[in-house]
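S.K.: Generate the whole structure from the sequences, applying the supplied hints.
Those protein sequences? They're chains A and B, same order as listed. The first sequence begins at 204 in the numbering used here and counts up one residue at a time. The second sequence begins at 12 in the numbering used here and counts up one residue at a time.
FYI, nobody ran anything at the bench for these hints, they're computed from the structure. C-beta atoms are modelled at their ideal positions from N, C-alpha and C, and glycine is treated no differently. Don't take every hint at face value.
Unchecked claim - Looking from chain B toward chain A, a few residues come up when the C-beta cut is under 10 angstroms (computed):
| # | residue |
| --- | --- |
| 1 | Asp38 |
| 2 | Thr42 |
| 3 | Asn105 |
| 4 | Lys176 |
| 5 | Trp179 |
| 6 | Val181 |
| 7 | Pro194 |
| 8 | Phe323 |
Chain residues, written in single-letter form:
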Amino acid sequence: MLQSRNLLWPVYWPTDYKTGLPFTARFGSLAQNNVYYDNEWDNTAGTLNISAVEALTVNILSGLTAKSIFSYNNSQIKEHLYYSALHFSGVAPVNGQVHELSTNINKMVSSTTLNYNKKILQHSIGVLAGYEAEKNLTDFMRSSGNNLPSSSLPTVVTAGTTNASAYNWGYNMQSFLSRAEYNFSDKYFLSASYRRDGNSRFGPVNRWANFWSVGGAWNIFKEDFLKESEILNELRIRGSYGTNATTPSGNYGWRTLLSFTDKYMEQPGGSIISIADSGLAWETNYNTNFAIEFGLLERRVTGSIEYFNRDSRNLLMDVPISMVTGLGSTLKNIGKINNRGIEWNLGIDIVRKEFLKWSLGLNGTLMNSKVTKLNRQGGAQAGQDIIWNDPTGNDARAQFIYREGQSMLAFYGFEWAGVDPTNGKNVWYINDPNSSTTGDFEFNGRGATYTYSKANRIIIGNGTPKMFGGFTSDLEYKGISLNLNFIYKLGGDLYDGAYKDVADDGYYWERIRSQDYYDNMWTDNNTLGTLPKLSGNDLTDPMQYSTRQLHDASFLRLKNATIAYRLPHNLLGGIGVRNARVFVNGTNLFTTAKYKLADPEVNQFATRGWEIPFAKTYTFGIEVSF
Amino acid sequence: MNYNNIKILSIIVAILFLSACGKGFLDVKPTNSVPAGTAIKTVADARVAVNGIMRNMTNSNYYGRNFILYGDVRGGDMTLYSQGRGLDALYTFNHTVSANNFSGFWSTIYNNILQANNLIFNINKLKAEGSTENFDSFLGQALTARALMYFDLVRIYGKSYADNKSAWGVPQPLEPLPASAQPLRSTVNDNYTQILKDLTDAAPLLPKTKSNGYLNYYGNRAIQARVYLTMGDFPAALTAAEDVINNGGYTLYNRTNWVSSWATQFGSESIFELGIFPNEGDLTTASLSFYLRRRSHGNSAALGFFGASDYFLNRLKQDATDVRWGIMLADEISTTANPRLEHLTNTVVLLHYREMANRHLLQQ
Numbered sequence: 204m205l206q207s208r209n210l211l212w213p214v215y216w217p218t219d220y221k222t223g224l225p226f227t228a229r230f231g232s233l234a235q236n237n238v239y240y241d242n243e244w245d246n247t248a249g250t251l252n253i254s255a256v257e258a259l260t261v262n263i264l265s266g267l268t269a270k271s272i273f274s275y276n277n278s279q280i281k282e283h284l285y286y287s288a289l290h291f292s293g294v295a296p297v298n299g300q301v302h303e304l305s306t307n308i309n310k311m312v313s314s315t316t317l318n319y320n321k322k323i324l325q326h327s328i329g330v331l332a333g334y335e336a337e338k339n340l341t342d343f344m345r346s347s348g349n350n351l352p353s354s355s356l357p358t359v360v361t362a363g364t365t366n367a368s369a370y371n372w373g374y375n376m377q378s379f380l381s382r383a384e385y386n387f388s389d390k391y392f393l394s395a396s397y398r399r400d401g402n403s404r405f406g407p408v409n410r411w412a413n414f415w416s417v418g419g420a421w422n423i424f425k426e427d428f429l430k431e432s433e434i435l436n437e438l439r440i441r442g443s444y445g446t447n448a449t450t451p452s453g454n455y456g457w458r459t460l461l462s463f464t465d466k467y468m469e470q471p472g473g474s475i476i477s478i479a480d481s482g483l484a485w486e487t488n489y490n491t492n493f494a495i496e497f498g499l500l501e502r503r504v505t506g507s508i509e510y511f512n513r514d515s516r517n518l519l520m521d522v523p524i525s526m527v528t529g530l531g532s533t534l535k536n537i538g539k540i541n542n543r544g545i546e547w548n549l550g551i552d553i554v555r556k557e558f559l560k561w562s563l564g565l566n567g568t569l570m571n572s573k574v575t576k577l578n579r580q581g582g583a584q585a586g587q588d589i590i591w592n593d594p595t596g597n598d599a600r601a602q603f604i605y606r607e608g609q610s611m612l613a614f615y616g617f618e619w620a621g622v623d624p625t626n627g628k629n630v631w632y633i634n635d636p637n638s639s640t641t642g643d644f645e646f647n648g649r650g651a652t653y654t655y656s657k658a659n660r661i662i663i664g665n666g667t668p669k670m671f672g673g674f675t676s677d678l679e680y681k682g683i684s685l686n687l688n689f690i691y692k693l694g695g696d697l698y699d700g701a702y703k704d705v706a707d708d709g710y711y712w713e714r715i716r717s718q719d720y721y722d723n724m725w726t727d728n729n730t731l732g733t734l735p736k737l738s739g740n741d742l743t744d745p746m747q748y749s750t751r752q753l754h755d756a757s758f759l760r761l762k763n764a765t766i767a768y769r770l771p772h773n774l775l776g777g778i779g780v781r782n783a784r785v786f787v788n789g790t791n792l793f794t795t796a797k798y799k800l801a802d803p804e805v806n807q808f809a810t811r812g813w814e815i816p817f818a819k820t821y822t823f824g825i826e827v828s829f
Numbered sequence: 012m013n014y015n016n017i018k019i020l021s022i023i024v025a026i027l028f029l030s031a032c033g034k035g036f037l038d039v040k041p042t043n044s045v046p047a048g049t050a051i052k053t054v055a056d057a058r059v060a061v062n063g064i065m066r067n068m069t070n071s072n073y074y075g076r077n078f079i080l081y082g083d084v085r086g087g088d089m090t091l092y093s094q095g096r097g098l099d100a101l102y103t104f105n106h107t108v109s110a111n112n113f114s115g116f117w118s119t120i121y122n123n124i125l126q127a128n129n130l131i132f133n134i135n136k137l138k139a140e141g142s143t144e145n146f147d148s149f150l151g152q153a154l155t156a157r158a159l160m161y162f163d164l165v166r167i168y169g170k171s172y173a174d175n176k177s178a179w180g181v182p183q184p185l186e187p188l189p190a191s192a193q194p195l196r197s198t199v200n201d202n203y204t205q206i207l208k209d210l211t212d213a214a215p216l217l218p219k220t221k222s223n224g225y226l227n228y229y230g231n232r233a234i235q236a237r238v239y240l241t242m243g244d245f246p247a248a249l250t251a252a253e254d255v256i257n258n259g260g261y262t263l264y265n266r267t268n269w270v271s272s273w274a275t276q277f278g279s280e281s282i283f284e285l286g287i288f289p290n291e292g293d294l295t296t297a298s299l300s301f302y303l304r305r306r307s308h309g310n311s312a313a314l315g316f317f318g319a320s321d322y323f324l325n326r327l328k329q330d331a332t333d334v335r336w337g338i339m340l341a342d343e344i345s346t347t348a349n350p351r352l353e354h355l356t357n358t359v360v361l362l363h364y365r366e367m368a369n370r371h372l373l374q375q
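M.R.: What follows is the structure, encoded as structure tokens:
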């Protein structure tokens with residue numbers, strides 16, 4: 204709600220030139236004078252890790268061993284947070300605030316396995332069976348004090364008023380596991396596995412689940428008919444099918460809980476905070492993989508192509524429910540999603556001389572991800588759509604919809620038609636499902652309106668790229684090497700949830716606007732402007748989820764480049780140095796993208812907000828080893 | 012310790028750990044909340060649940076801020092200085108499905124109805140199971156609170172009772188619902204029938220003594236007076252109001268302490284007043300008083316959201332001695348000419364004795 208930002212704050216001088224005192228006024232923004240306030244708070248954190256692993260192996264018979272591992276990991280995180288009475292978080296009536304936080308993370312794993320390995324002539328077999336238990340427990344403790352007597356003594360014990368909190372949380376797991384492997388003279392490989400898992404993140408009904416897999420491989424190159432091949436040096440095919448699972452991220456998602464955070468008039472108060480599905484089931488992935496791996500021409504060309512198909516059933520997600528129940532959402536198994544595609548990579552040694560080496564590597568993933576099935580509500584024909592927000596940063600920067608047959612990252616919103624050249628207003632396509640021309644007027648031959656609330660929301664884009672990957676080039680000449688590492692993305696959309704904050708057309712009149720907005724804004728003199736007229740009279744707040752913030756996500760970026768020189772050994776001989784290397788490294792030095800206003804390298808949801816973009820960095824270094 | 016001893020010790024530790032994995036190993040319970048089904052068993056538990064209901068009423072979406080602004084801003088007594096500072100759609104009436112729909116009224120009140128329903132459901136269950144504890148006061152408070160919340164909901168989302176009582180009102184669950192439930196709307200008439208039933212069921216259960224921060228018998232009767240008045244049943248409204256006036260023991264502020272009453276808690280006029288205490292539901296920058304402050308007044312985060320409108324001030328100006336001038340301060344636009352409301356207390360008074368008295372006068 205409080206959205207007006209003054210993005211120029213960081214460049215302000217920290218003191219008022221007239222009085223010599225620090226600026227604390229905010230000049231119509233919600234930003235603070237960070238240069239000043241940075242000295243008025245303190246934050247230190249320390250982590251202590253202790254890890255103990257005890258392993259015991261007993262050889263029972265020839266080939267049969269029992270192994271027992273017990274591991275204990277403990278991380279103790281201590282944090283100190285202090286705001287002086289001058290800091291905006293510590294001003295009156297707080298009068299200085301200090302927090303001491305302690306988080307103690309414990310993980311205990313006990314695993315006992317029996318292993319049997321045997322080779323008889325050309326047959327090798329390996330069998331494993333075991334049991335595993337895991338306990339995770341995190342203890343949290345906080346003590347805080349307000350009203351501190353002295354800025355030089357920021358400790359809780361000196362505080363006028365104190366308060367504290369402490370509780371713990373965790374989850375436990377148990378597994379029974381088994382695996383069998385077989386191979387015949389390293390040519391034919393077969394394997395199978397089965398496991399049964401129990402997890403406290405599920406209720407008693409579906410707490411235990413079974414998972415299994417089978418796989419096989421054929422090393423064709425080992426066959427007699429290929430041994431003599433002049434072209435091929437390696438050829439192998441493999442495939443597997445099996446299941447694995449995802450657990451909910453929350454520890455207690457299946458429990459309907461009543462919490463006690465609602466203190467009232469210094470008395471404890473309790474409220475129900477969830478309406479859970481106690482029959483929550485494991486989200487299970489059914490994975491199919493086929494791959495071929497090859498090497499050609501004395502292994503100058505190597506590569507692999509892999510086909511993958513993953514059906515995720517009983518997908519776990521927080522879904523909206525009728526608010527009349529009292530809550531807005533609950534964790535549920537919502538349906539089925541399919542991810543499939545092809546992953547390929549290719550390595551080529553172009554030059555392989557003593558003093559000159561040059562190799563290229565290329566890789567890419569072609570992917571298609573789809574929502575294949577959603578829960579049906581009360582006998583409906585189609586699955587129920589689920590509208591969800593990008594969880595990144597909790598700023599609702601973009602909105603998606605799960606709809607059967609559509610992409611997993613289907614952006615949802617209004618279709619922005621651009622600016623009406625006659626008056627500079629925003630135009631929205633109506634997208635009436637029954638008629639393409641319904642609307643207040645026609646724009647580019649389609650029904651349109653100036654009022655977004657008359658338009659229909661549709662799927663406006665797809666965050667999944669057609670292909671992504673990278674390529675590398677490694678060149679070395681007499682100790683001098685040049686390594687380049689590019690990444691790329693082709694196709695798909697990105698949603699820029701940040702740009703709208705600096706391109707507001709007037710509803711948030713007090714905001715600062717970007718140069719780009721002023722350059723492209725419709726005015727009486729620039730009727731071809733691609734962004735709307737700046738008008739404080741528009742009461743409709745047109746910054747909705749729409750195609751206005753949607754852009755082509757394709758880009759190519761030089762992620763990493765290194766030039767290095769390795770000093771010849773004869774130079775180093777006398778001084779006891781084994782190796783010396785001088786290098787210059789740069790990251791993100793070059794980018795070309797369809798979308799030019801902001802960093803095109805976006806997160807997994809293909810969205811961006813006000814996070815710090817990837818920086819260009821340069822590193823100079825000398826590596827010496829003795 | 013030699014190596015063999017370590018080995019033996021580790022085997023012992025591993026075995027101990029294995030044997031610790033009994034039946035309960037996979038039943039991990041949280042330590043900051045309890046399974047809801049077992050949460051209400053005694054009168055002490057019911058008291059905690061009532062505290063939760065009162066606290067939820069102080070939410071900024073409800074009596075903590077928005078519900079109070081809803082009437083004052085949409086009614087035009089308050090205005091805004093600039094768009095985009097927050098909640099401006101209440102003034103511009105710019106509401107759509109996807110933006111500014113103020114669903115907080117719906118979600119917050121239904122969330123609190125769930126709390127009331129859960130308490131009522133559990134008390135009735137405990138009574139049916141033969142509990143001998145006296146739950147009367149808590150059952151009465153939960154029923155009265157539920158009636159008040161449905162009354163607020165139906166006034167926001169339904170047509171007025173006097174206008175068209177057969178129009179759609181709001182869905183009306185009376186028990187905790189499963190997540191899959193999608194109850195439909197009841198009529199305005201059904202809503203009011205239920206509101207009155209809850210209020211009349213609750214009245215005899217409630218204590219008549221004053222209980223700061225909670226509903227008592229007179230709080231219930233005062234709400235009845237409001238509900239009957241809204242329904243146009245003036246004789247019943249009068250009876251309920253007179254019960255409060257004649258038997259409640261509340262007194263009016265005089266002209267001088269009326270102004271200071273805005274900065275005091277639980278005054279002599281206060282019939283039902285919610286406590287908003289520091290380190291609890293203290294809304295600070297999200298509070299009602301913060302939204303009524305002049306820009307940067309007392310805190311640089313105060314954006315100057317709402318102030319008295321010309322419409323309101325022009326009427327106030329008709330009487331230079333109006334007691335309400337005592338709680339007005341200068342606003343952002345002008346330092347002297349346009350005073351604005353300054354809300355000072357950290358409680359919200361929901362039912363004033365004054366209102367009952369005014370109603371009484373109205374009827375005379």
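S.K.: Would you mind marking each hint as holding or not holding in the structure?
M.R.: How the hints compare with the structure:
1. Taken as an interface hint, B:Asp38 checks out: its beta carbon lies about 7 angstroms from the nearest beta carbon of chain A, inside 10 angstroms.
2. Interface hint at B:Thr42: satisfied, since its Cβ lies 4 angstroms from the closest Cβ of chain A, which is below the 10 angstroms cut-off.
3. For B:Asn105, the suggested interface contact is upheld, since its CB lies about 5 angstroms from the closest CB of chain A, less than 10 angstroms.
4. Taking 10 angstroms as the C-beta contact cut-off toward chain A, the hint placing B:Lys176 at the interface is violated, the least distance being around 21 angstroms.
5. The beta carbon of B:Trp179 comes no nearer than 13 angstroms to any beta carbon in chain A, farther than 10 angstroms, and the hint placing it at the interface is violated.
6. The beta carbon of B:Val181 is positioned within 10 angstroms of a beta carbon in chain A (closest approach about 8 angstroms), and the interface hint is therefore held.
7. The restraint placing B:Pro194 at the interface with chain A holds, with a minimum CB-CB distance near 5 angstroms, inside the 10 angstroms limit.
8. Given hint, B:Phe323 at the interface with chain A, is violated; its Cβ is 21 angstroms from that chain's nearest Cβ, farther than 10 angstroms.
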